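Asks: These are the residues of each chain, in order.
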Amino acid sequence: MKNLFKFFIALITASFLSFPTIAKPIELHYWHGHTGKLEAIINEIADRWNASQDESVLIPTSKGSYEDILAAFIAAYRAGEHPHMVQVYDAGAAIMVAQVKNGVVYPFEDMAAEYGVDFNKDDYIPGIRNFYADSDGKMIGIPFNSSTCLMYANMDILEAAGVEVPKTYEEFEQIAPKILEAGYTPLLQSHSPWIWTENFFSRHNLLMTDGNNGYDDVPTTTLFADTPEFITHWTKVKEWKDKGWYDYKGRAWGDNQAPFIAGEAAFWLGSAASFSGMKGVVPNFTVNHIPYWDSITGGKEYPTFIGGAANWILSGKSDEEYAALMKLAEFMTSPEQQLFYHNMSGYAAVTYSATDLANEIGFYEASPYHKAVGEQLSLTGSTIPGGYRAGNWPQIREVLYENYPKMLNGEISIEEGMKRMDEGASKLLAQFAKTL
Amino acid sequence: MKRVQFSSYFTQYFFIAPQLAIILIFLYLPIVQTFRDAFTIQDAFGFGRYFSGLDNFTFVLSDPNYITALKFTLIFIFVITLFSCSIGLLLAVQANNVIHGKSAYKTLLIWPYAIAPAVVGVTANYFFSERLGILYNFFNGLWGFDWYDNVYDAYIYVFIAASWKQISANFIFFLAGLQNIQKSIIEASIIDCKSSFRRFWTITFPLLMPTTFFLIIINITYSFFDTLGIIDTTTIGAPSGETKTLVYKAYIDGFKGLDLGSAGAQSIIMMLIVLVITVFQFRFIEGKIHYN
Numbered sequence: 001m002k003n004l005f006k007f008f009i010a011l012i013t014a015s016f017l018s019f020p021t022i023a024k025p026i027e028l029h030y031w032h033g034h035t036g037k038l039e040a041i042i043n044e045i046a047d048r049w050n051a052s053q054d055e056s057v058l059i060p061t062s063k064g065s066y067e068d069i070l071a072a073f074i075a076a077y078r079a080g081e082h083p084h085m086v087q088v089y090d091a092g093a094a095i096m097v098a099q100v101k102n103g104v105v106y107p108f109e110d111m112a113a114e115y116g117v118d119f120n121k122d123d124y125i126p127g128i129r130n131f132y133a134d135s136d137g138k139m140i141g142i143p144f145n146s147s148t149c150l151m152y153a154n155m156d157i158l159e160a161a162g163v164e165v166p167k168t169y170e171e172f173e174q175i176a177p178k179i180l181e182a183g184y185t186p187l188l189q190s191h192s193p194w195i196w197t198e199n200f201f202s203r204h205n206l207l208m209t210d211g212n213n214g215y216d217d218v219p220t221t222t223l224f225a226d227t228p229e230f231i232t233h234w235t236k237v238k239e240w241k242d243k244g245w246y247d248y249k250g251r252a253w254g255d256n257q258a259p260f261i262a263g264e265a266a267f268w269l270g271s272a273a274s275f276s277g278m279k280g281v282v283p284n285f286t287v288n289h290i291p292y293w294d295s296i297t298g299g300k301e302y303p304t305f306i307g308g309a310a311n312w313i314l315s316g317k318s319d320e321e322y323a324a325l326m327k328l329a330e331f332m333t334s335p336e337q338q339l340f341y342h343n344m345s346g347y348a349a350v351t352y353s354a355t356d357l358a359n360e361i362g363f364y365e366a367s368p369y370h371k372a373v374g375e376q377l378s379l380t381g382s383t384i385p386g387g388y389r390a391g392n393w394p395q396i397r398e399v400l401y402e403n404y405p406k407m408l409n410g411e412i413s414i415e416e417g418m419k420r421m422d423e424g425a426s427k428l429l430a431q432f433a434k435t436l
Numbered sequence: 001m002k003r004v005q006f007s008s009y010f011t012q013y014f015f016i017a018p019q020l021a022i023i024l025i026f027l028y029l030p031i032v033q034t035f036r037d038a039f040t041i042q043d044a045f046g047f048g049r050y051f052s053g054l055d056n057f058t059f060v061l062s063d064p065n066y067i068t069a070l071k072f073t074l075i076f077i078f079v080i081t082l083f084s085c086s087i088g089l090l091l092a093v094q095a096n097n098v099i100h101g102k103s104a105y106k107t108l109l110i111w112p113y114a115i116a117p118a119v120v121g122v123t124a125n126y127f128f129s130e131r132l133g134i135l136y137n138f139f140n141g142l143w144g145f146d147w148y149d150n151v152y153d154a155y156i157y158v159f160i161a162a163s164w165k166q167i168s169a170n171f172i173f174f175l176a177g178l179q180n181i182q183k184s185i186i187e188a189s190i191i192d193c194k195s196s197f198r199r200f201w202t203i204t205f206p207l208l209m210p211t212t213f214f215l216i217i218i219n220i221t222y223s224f225f226d227t228l229g230i231i232d233t234t235t236i237g238a239p240s241g242e243t244k245t246l247v248y249k250a251y252i253d254g255f256k257g258l259d260l261g262s263a264g265a266q267s268i269i270m271m272l273i274v275l276v277i278t279v280f281q282f283r284f285i286e287g288k289i290h291y292n
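Read top to bottom, the protein sequences are chains A and B.
Using this note's numbering, the letters of the first sequence correspond one by one to residues 1 to 436.
Using this note's numbering, the letters of the second sequence correspond one by one to residues 1 to 292.
Derived by calculation from the structure, the hints in this document are not laboratory data.
Hints may be right or wrong, so weigh each one.
[Said to hold, decoys possible] Taking lysine-lysine pairs in the DSS-like style, the calculated list, with each CA pair at most 30 Å apart, reads:
#, chain 1, residue 1, chain 2, residue 2
1, A, LYS419, B, LYS102
2, B, LYS102, A, LYS434
3, B, LYS71, A, LYS419
4, A, LYS327, A, LYS37
5, A, LYS317, B, LYS256
6, B, LYS71, A, LYS101
7, A, LYS167, A, LYS101
8, A, LYS167, A, LYS406
9, A, LYS238, A, LYS300
10, B, LYS183, A, LYS427
11, A, LYS238, B, LYS71
12, A, LYS371, A, LYS101
13, A, LYS406, A, LYS138
14, B, LYS102, B, LYS288
15, A, LYS243, A, LYS300
16, A, LYS178, A, LYS138
17, A, LYS427, B, LYS71
18, A, LYS37, B, LYS183
19, A, LYS406, B, LYS194
20, A, LYS24, A, LYS317
21, A, LYS138, B, LYS256
22, B, LYS102, A, LYS406
23, B, LYS71, B, LYS194
24, A, LYS167, A, LYS327
25, B, LYS194, B, LYS183
26, A, LYS138, A, LYS279
27, A, LYS167, A, LYS121
[Claimed, not checked] Residues on chain B that point at chain A, a partial pick, calculated with CB under 7 Å:
#, residue
28, PRO18
29, ILE41
30, LYS256
[Said to hold, decoys possible] Every beta carbon over 12 Å from chain A, so not counted as near; a handful from chain B, in silico:
#, residue
31, TRP147
32, VAL151
33, LEU260
Just so we're clear, the structure is a prediction, and the values are computed from it rather than from any experiment.
We put the beta carbon where it would ideally sit given N, CA and C, even for glycine.
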């Protein structure tokens, strides 16, 4: 008995001692905010990377939603347990770029200069590159899952109503009564702050905050009430809702998408990435550019802001780990991997070499759905910055969420709602400015 | 009587050390941290921290949405406590009278107690979903129920979700309370009074007062603090922030919005509210309760 015990002790000790002698690959921890199908795609990318080389192992962990992941990684950072790479979404970009000076975030461009082999900044599509860059254009985050808002159309319903996919909101107003008459809901959308606020401004080449959208100066207020075009848009939205042309199902993304999936709604405004979940579920749908007001832009079409998220490298890791991370970044942005990701998820390809490859193999002829996102993001002619740098933006989105329903159900006027949103936002912007 | 004493201080401290450590780490440290956050401005990562006096408090209290949340929380506490206590009491009295299959009824009524608030919320979601919801369609047929748009409908939704879970907790305690009442008192009252309704209000209910008082405190704490998961999985504050409780707002500002200063200030305000409620209860209500 005693001998057996000694034997086990020896065995355990031996196993501990022998650990360092095995050459272990570098573990790269990656926290992301994707679940369901999109998480499976990230796991597939990790598997491909891990199979392609044996120097490092990518370990992706889903932390829930984009908001959850930001909170989780900040808590981990404060405890000194942060991962190597973290996915942070568009609304968190201001926070991440501001953290470069505190040494939390390791700018991608610096890492590429230090460890990169053949890093070509100009290969990244400018709209995508600049959104996650600082005011000098230095790339801070690595563009990864880049979406934007698009319009999904149910072609069976359009055929039943005898109408075409509209390019502008004016055209939508023409056809909406016919769709309603045919017994369908004309329009739904899933994210009022993102689609009908932030991207309303970019789609119509209008500034959303002072300080040139925060690119030149720290913004102090949003320009909702000062933008007559924006007031007109929401006045129209309320009219549509009263007429039954637009239906609002609360703020939950899925509740607004459900009627489209069930084949009860003609149009749904959502994310480019919604494609992966609807492919094969909704019969006969197309993916189109989001409409714009012809009367505002004078017939010109402007790009929308990029949505989705970027990957950010965190500081405090070793040289070997950064070298491995740089190789991983090169792998993830390689044309082949991007095309795989583009195809599976619906997110845009972020480099020209990837879109070139797609064109070369005739990808868009085979799958026209994938065309809209890249096209809409690559539109040119905007005079406003390709993004916004406004702190506390997640809470400002809350303020918007709280005011839109009141405006839609007539509790307050559109003008009053806009004023309240500006007031709420300025207070939050001032609160954030104090921390800079 | 001989007093039992430890021979040295070391032994007693040794034995209470684990408990003290837990209290210090999980109760006092966070409280100190909360006070630190509430009186400082800092970014989410803890950089740029500086003392800001009452700035965070004025920021919170000047927010109209905070006042909305405060009002809703008070209504919420009152309604949840009233509903879940009275229904729990009603069920307990009925179950106490049942002779056959008593334990089966009891078990069935106790079950929901074991369900986590977030799961309760997700379940309620099914009942109130526009596409699948039985209750949504039932109420919608009655008066055009639509919690996406109407504040009172949204109230009904969260009230039902939040009190449903708590009914079973109240049921258990009331049932235990009822079974503790001496049979002789009940028998004597049956001889004195024929009306079971009157018997209940003059004899049984006063004897249940200690239980009721205890449950009121439990229910207030529950509706104040434990319903975060329910709000987050049901209305998310719909239609426009009217169904956010104070705890939910602190959670949104602190964890989603990453504004620790504001969240800290909100926590301290909540601490004060709970303090006032508790003092009020013990001073003015407990005096009227007889424990024997």
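Asks: Do the alpha carbons of LYS37 of chain A and LYS183 of chain B lie within 30 Å of each other, as the hint requires?
Replies: violated (62 Å)
Asks: Regarding the pair LYS178 of chain A and LYS138 of chain A, is the alpha-carbon distance no greater than 30 Å?
Replies: violated (49 Å)
Asks: Given the proposed pairing of LYS427 of chain A with LYS71 of chain B, does the C-alpha separation stay at or below 30 Å?
Replies: Status holds; Cα separation ~22 Å.
Asks: For the pair we were handed, LYS371 of chain A and LYS101 of chain A, check the Cα-Cα distance against 30 Å.
Replies: violated (38 Å)
Asks: Under the criterion that the straight-line Cα-Cα distance not exceed 30 Å, is the pair LYS327 of chain A, LYS37 of chain A satisfied?
Replies: Holds. LYS327 of chain A to LYS37 of chain A sits at ~26 Å (cutoff 30 Å).
Asks: Would you check the hint for LYS238 of chain A and LYS300 of chain A, treating anything up to 30 Å between C-alpha atoms as holding?
Replies: holds (25 Å)
Asks: For the pair supplied as a hint, LYS138 of chain A and LYS256 of chain B, confirm whether the alpha-carbon distance does not exceed 30 Å.
Replies: Cα-Cα ~27 Å, so holds.
Asks: Compare the distance between the alpha carbons of LYS167 of chain A and LYS101 of chain A with 30 Å, and conclude whether the hinted pair is satisfied.
Replies: violated (43 Å)
Asks: Is the Cβ of VAL151 of chain B farther than 12 Å from every Cβ of chain A?
Replies: violated (9 Å)
Asks: Straight-line Cα separation of LYS24 of chain A and LYS317 of chain A no greater than 30 Å?
Replies: holds (17 Å)
Asks: If you draw a straight line from the CA of LYS167 of chain A to the CA of LYS406 of chain A, is it 30 Å or shorter?
Replies: Measuring from Cα to Cα gives roughly 29 Å; hence the hint holds.
Asks: Hold the hint about PRO18 of chain B up to the distance rule: shortest CB distance to chain A must be less than 7 Å.
Replies: violated (23 Å)
Consistency with the previously given hints fails for numbers 1, 2, 6, 7, 10, 12, 13, 14, 16, 18, 19, 22, 23, 24, 26, 27, 28, 31, 32, 33, ordered from lowest to highest.
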